[in-house]
Amino acid sequence: MTAILEVEALTKTFGGVVANDRISLEVPEGTIVGLIGPNGSGKTTLFNAITGAHPIDAGRVRFQGREISTLLTQAIARRGLIRTFQQPRVYRRMTAADNMLLSTNVRKLGLASLFAAAGTKERERALELLDFVGLADKRDTRAGDLSFGQQKLLELAMALMNDPEMLLLDEPTAGINPTLIDRLVDRLKTVNRERGLTLLIIEHNMPVIMGLAAHIYCLAHGRLLAEGPPQAVRSDARVIDAYLGAA
Amino acid sequence: MPHAKIFGSSRSLLVAGLIGLGLLAPLVAPGHQSQLTELLLFIVFALAWDLVGGQMGYNSFGNVLFVGVGMYASAIVQVGLFYDVGRYTEAKGGGTQFLFDVPQFLTGLGFGILVAAIMAGLVALLLGSLVLRMRGHYFAICTLGLGIAAGQVAAGIPWIGGGSGMLTPNPPAALGDVGLLLYYLALLLALATFATFTWLLSTRFGLALNAIRDDEDKADAMGLATHGIKVTAWVIAACFLGAAGAIYGNLVRFIDPTQTAFAGATIGVWMILMALLGGSGTLLGPVVGAVVFQLFKELFWTYLLGWQRVALGVLIVAVAVFFPDGIVGFARTRFGRGQRSEEDTAAALKEKAP
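So the protein sequences, as listed, match chains G and X.
With the first letter of the first sequence counted as 1, position 1 gets the number 1 in this note's numbering; the numbers rise by one all the way through.
Offset between the second sequence (1-based) and this note's numbering: plus 247.
I should point out that these hints are in silico values taken from the structure, not numbers from a laboratory.
Take these hints with a grain of salt, some might be off.
Label-pair distances were calculated between CB atoms; the ranges are [to be verified]: (1) X:Ile404 - G:Thr120: 22 to 30 Å; (2) X:Met381 - G:Asp163: 43 to 51 Å; (3) G:Glu194 - X:Gly475: 47 to 55 Å; (4) G:Phe14 - X:Met381: 57 to 65 Å; (5) G:Gly211 - X:Trp446: 31 to 39 Å; (6) G:Thr120 - X:Leu552: 41 to 49 Å; (7) G:Gly144 - X:Thr445: 52 to 60 Å; (8) G:Gly65 - X:Thr450: 33 to 41 Å.
Reference excerpt, derived from the structure (chain X facing chain G, CB under 10 Å, subset only) [to be verified]: (9) Leu447; (10) Thr450; (11) Asp461; (12) Asp462; (13) Leu471; (14) Ile476; (15) Thr479; (16) Asp503; (17) Ala510; (18) Ala512; (19) Thr513; (20) Gln555; (21) Ala558; (22) Ala578; (23) Phe582.
Output of the computed footprint for chain G on chain X, the stretches with three or more beta carbons under 8 Å from beta carbons of chain G [stated by the list, open to error]: (24) 326 to 332; (25) 369 to 376.
Beta carbons are placed, not taken as given, at the ideal position from N, Cα and C, and that holds for glycine.
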């Protein structure tokens with residue numbers, strides 16, 4: 001299996017703080033990989049670095065074999081690497097349906113396609129995906145009026161609407177009702193299995209990530225602490241120490 | 248959805264009614280013809296401002312720049328097609344030297360409006376590529392500066408009359424009532440603006456503008472070509488502002504660089520006020536705002552002369568306090584449509600299932 005995303009010795013500092021210290025990781029195509037670590041360990045910073053939200057100080061990021069570490073956010077997104085945010089980011093004053101309709105894959109469409117209304121096919125797909133995350137009833141609700149958890153689900157649906165090559169999910173289950181979490185996990189597994197979508201997921205909910213990911217990376221204090229299959233990482237003494245604060 | 252249908256048919260009825268009213272208005276109230284023409288141009292100003300300010304969330308305080316560019320571009324074309332512009336402005340409007348016959352005047356006006364739109368669009372393309380990289384109050388202040396600077400630049404060019412301004416060509420007497428012609432041109436432009444924007448906002452482009460307003464970084468992260476979209480929107484708005492400026496110049500006849508063309512303190516502020524008054528971020532809002540504004544402005548200027556600006560200030564405060572979302576925004580939250588029911592959803596999902 002080839003790696004769709006390769007991060008090599010990525011370093012990011014903010015003044016004297018080394019938020020990401022020579023981090024290397026690989027995500028094989030079509031898999032689900034987890035990224036865990038205590039608060040402030042540099043997980044979201046790594047997402048920001050990969051997606052071009054801020055320039056990196058050293059290292060490389062390759063997506064589908066091509067260097068992307070010098071590209072801007074928009075260019076990276078256009079290659080099919082889409083992320084969601086820890087604090088859900090949706091177009092707050094637009095309806096859920098409009099949020100979806102605008103999230104269609106723009107990299108396969110030119111500027112001219114902007115000057116057309118969304119087609120029936122797109123509308124159906126938008127409704128389908130909203131239904132997929134359980135928000136079909138809310139399609140005419142302004143996204144900003146949705147609850148935190150619903151906004152996270154909408155953001156996920158928007159990301160799927162974009163038909164990406166790979167998704168970076170920042171804590172997809174945070175703030176989501178426990179009964180919904182199971183459904184969400186199920187949905188993520190489904191898109192991975194049926195569409196072959198590669199997922200890199202930051203998650204604090206251990207049972208969730210252990211159940212989802214085939215491979216897990218653990219960060220602590222900006223460094224890669226451990227990696228391996230879920231069982232191995234879970235029982236790794238360094239990981240347990242990092243979470244309990246002994247490290 | 249019976250609701251939607253009622254809304255739909257009442258809307259087209261409303262539009263038809265307004266067009267009819269627009270066609271008849273100068274015949275019914277010939278004494279107010281120039282105020283009505285001004286109103287139609289104000290509608291264009293407010294709509295164009297709101298495309299970028301309301302729909303896209305980029306509050307430009309310098310849109311008057313495009314009005315001014317259009318005004319000058321048109322006047323230069325109208326004169327320049329037949330005479331030397333430098334000598335025309337030197338003669339302060341011409342007297343008996345610079346006469347325009349009917350075909351000359353009409354050709355000049357037609358090309359003038361067209362060139363005005365194109366020039367304003369080009370200026371927007373050039374400036375927009377730079378200033379639209381700024382956001383929030385940085386963008387607002389920068390555009391404010393651009394509007395003021397443009398007036399000073401224009402005042403410094405002797406070829407177009409410098410500080411003493413420029414006159415648009417004297418309409419030939421044989422043409423009859425030019426005011427009526429300008430009125431219908433303004434009506435045509437206002438309708439074209441409204442129709443274009445209605446279409447534009449029904450496309451994905453319209454959604455993209457709203458998305459940029461709501462969360463530009465998110466739009467970026469979803470791969471939308473945000474900068475190109477922003478510049479395009481500004482160029483479109485500028486084209487309409489330029490065309491409106493061309494007609495406005497011919498309406499007022501005398502183009503003063505800072506008081507008429509690049510009049511930031513009056514037209515520049517008014518167009519924003521009209522959009523906010525009516526309801527920014529809506530299509531109908533700027534239209535309603537322009538009507539209400541022009542009505543109040545004329546009433547204040549007639550009955551409260553001396554205090555007209557105070558009265559206008561009170562109006563602004565009243566709007567900000569009682570209608571923060573504008574008249575249309577207020578009406579929409581008060582009488583708006585509710586959410587769809589679960590049965591609706593089930594039906595919609597079932598419909599598309601094979």
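* C-beta pair isoleucine 404 of chain X, threonine 120 of chain G: status relative to the range 22 to 30 Å that was hinted -> 54 Å Cβ-Cβ, so the 22 to 30 Å window is violated.
* When the least beta-carbon distance from alanine 510 of chain X to chain G is tested against 10 Å, hint result -> violated, 32 Å
* Asked: Lying within 47 to 55 Å: is that true of the beta-carbon distance glutamate 194 of chain G to glycine 475 of chain X?
  -> Distance hint for glutamate 194 of chain G, glycine 475 of chain X is violated at roughly 34 Å.
* Asked: Against chain G, is leucine 471 of chain X within 10 Å by beta-carbon distance?
  -> This hint holds: leucine 471 of chain X lies near chain G, its Cβ roughly 6 Å from the closest one there, short of 10 Å.
* alanine 512 of chain X as an interface hint toward chain G, with CB separation required under 10 Å -> violated, 31 Å
* Given aspartate 503 of chain X was flagged as interface, is its beta-carbon under 10 Å from a beta-carbon of chain G? -> violated, 38 Å
* **Satisfaction of the alanine 578 of chain X interface hint, Cβ to chain G closer than 10 Å** => Interface hint status for alanine 578 of chain X: violated (17 Å vs cutoff 10 Å).
* Given hint leucine 447 of chain X near chain G, where the shortest CB pair must fall under 10 Å -> holds, 8 Å
* Asked: When you take the CB atoms of glycine 144 of chain G and threonine 445 of chain X, is the distance between them in 52 to 60 Å?
  -> For threonine 445 of chain X against glycine 144 of chain G, whose Cβ atoms are near 25 Å apart, the range 52 to 60 Å is violated.
* **Given hint alanine 558 of chain X near chain G, where the shortest CB pair must fall under 10 Å** => With Cβ-Cβ at 33 Å, over 10 Å, it is violated.
* To do: Using 10 Å as the Cβ threshold, decide whether phenylalanine 582 of chain X counts as touching chain G.
  => With a closest approach of 16 Å, the phenylalanine 582 of chain X hint is violated.
* **Outcome of range test on Cβ distance (glycine 65 of chain G, threonine 450 of chain X; 33 to 41 Å)** => About 36 Å separates the Cβ atoms of glycine 65 of chain G and threonine 450 of chain X, which means 33 to 41 Å holds.
Hints 1, 2, 3, 4, 5, 6, 7, 16, 17, 18, 19, 20, 21, 22, 23, 24, 25 from the earlier list are contradicted by this structure; the remaining hints agree with it.
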